[in-house]
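Visitor: Each chain, written out:
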Amino acid sequence: AQTVTQSQPEMSVQEAETVTLSCTYDTSESDYYLFWYKQPPSRQMILVIRQEAYKQQNATENRFSVNFQKAAKSFSLKISDSQLGDAAMYFCAYRSDNTNAGKSTFGDGTTLTVKP
Amino acid sequence: EAGVAQSPRYKIIEKRQSVAFWCNPISGHATLYWYQQILGQGPKLLIQFQNNGVVDDSQLPKDRFSAERLKGVDSTLKIQPAKLEDSAVYLCASSVRGTIYNEQFFGPGTRLTVL
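Going line by line, the protein sequences match chains A and B. Taken in order, the first sequence gives residues 7 to 122; the numbers are from this note's numbering. Taken in order, the second sequence gives residues 1005 to 1119; the numbers are from this note's numbering.
These are calculated hints, taken from the structure and not from any lab test. Remember, predicted model here, so these are calculated numbers, not experimental data. Heads up, some of the hints might be wrong.
As the list claims (entries may be wrong) - Straight line, CA to CA, 27 Å or less: simulated DSSO-like cross-link-like pairs of lysine-lysine:
{"hint": "1", "chain 1": "B", "residue 1": "Lys1048", "chain 2": "A", "residue 2": "Lys76"}
{"hint": "2", "chain 1": "B", "residue 1": "Lys1048", "chain 2": "B", "residue 2": "Lys1082"}
{"hint": "3", "chain 1": "B", "residue 1": "Lys1048", "chain 2": "A", "residue 2": "Lys79"}
{"hint": "4", "chain 1": "A", "residue 1": "Lys84", "chain 2": "B", "residue 2": "Lys1048"}
Okay, chain A solo, but in the shape it has when bound:
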């Protein structure tokens, strides 16, 4: 079974600084997608960024970018120019076509605090 591990339960960053959240996963499959989700306190979980495993180029969405290391099974999220609104729980998730393509396996999350 696929597993997703987020080793940093909590992280903090100063406003306008850069922070990197770590994620590792375990799989024997070659084709899969990886996702980062943001869950603000008492608000909906939203998709931040996704990466297709067959793509070597790292995904980027404005201030959010990933460092995808397929061989190392690592998928970190970098947030540049951190803003107060970035404070939230961040979840890394994995999805593959092996059995149920829609099923996401989530890590246990990293709580990000942004200090003014």
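Keeping the supplied structure of chain A fixed, place chain B upon it in accordance with the hints.
Guide: For chain B alone, coordinates are given in the frame of chain A:
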């Protein structure tokens, strides 16, 4: 475009009681998911529907949990009887289809406390 709606937002019950949660997905989304998120953990898929058929319910505790999606739109998740360990946030999500790349849109969740 309206998002995924869930109700109630909060529910407190005593163990052995029954409870039901309701979800209205985004219009036109064929796939609906129910996730259980225990405090301090990531969401875990309980059941996935494609229209009104079940795609995956491998992690649904079927002795106490049930779910249905009549007419392929709204869905209800029921717990009967509830246990202390069922205390969690129950998230509903929907997507256009249940493919590997389709974005899943989440509702605000229902926070269940079992005393």
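Visitor: Evaluate each hint against the coordinates.
Guide: Tested hints:
1. Lys1048/B <-> Lys76/A: With Cα atoms ~24 Å apart, Lys1048/B and Lys76/A stay inside 27 Å; holds.
2. Lys1048/B <-> Lys1082/B: Between Lys1048/B and Lys1082/B the Cα gap is close to 16 Å, so the pair holds against 27 Å.
3. Lys1048/B <-> Lys79/A: Within the cut-off at roughly 21 Å; holds.
4. Lys84/A <-> Lys1048/B: holds (25 Å)
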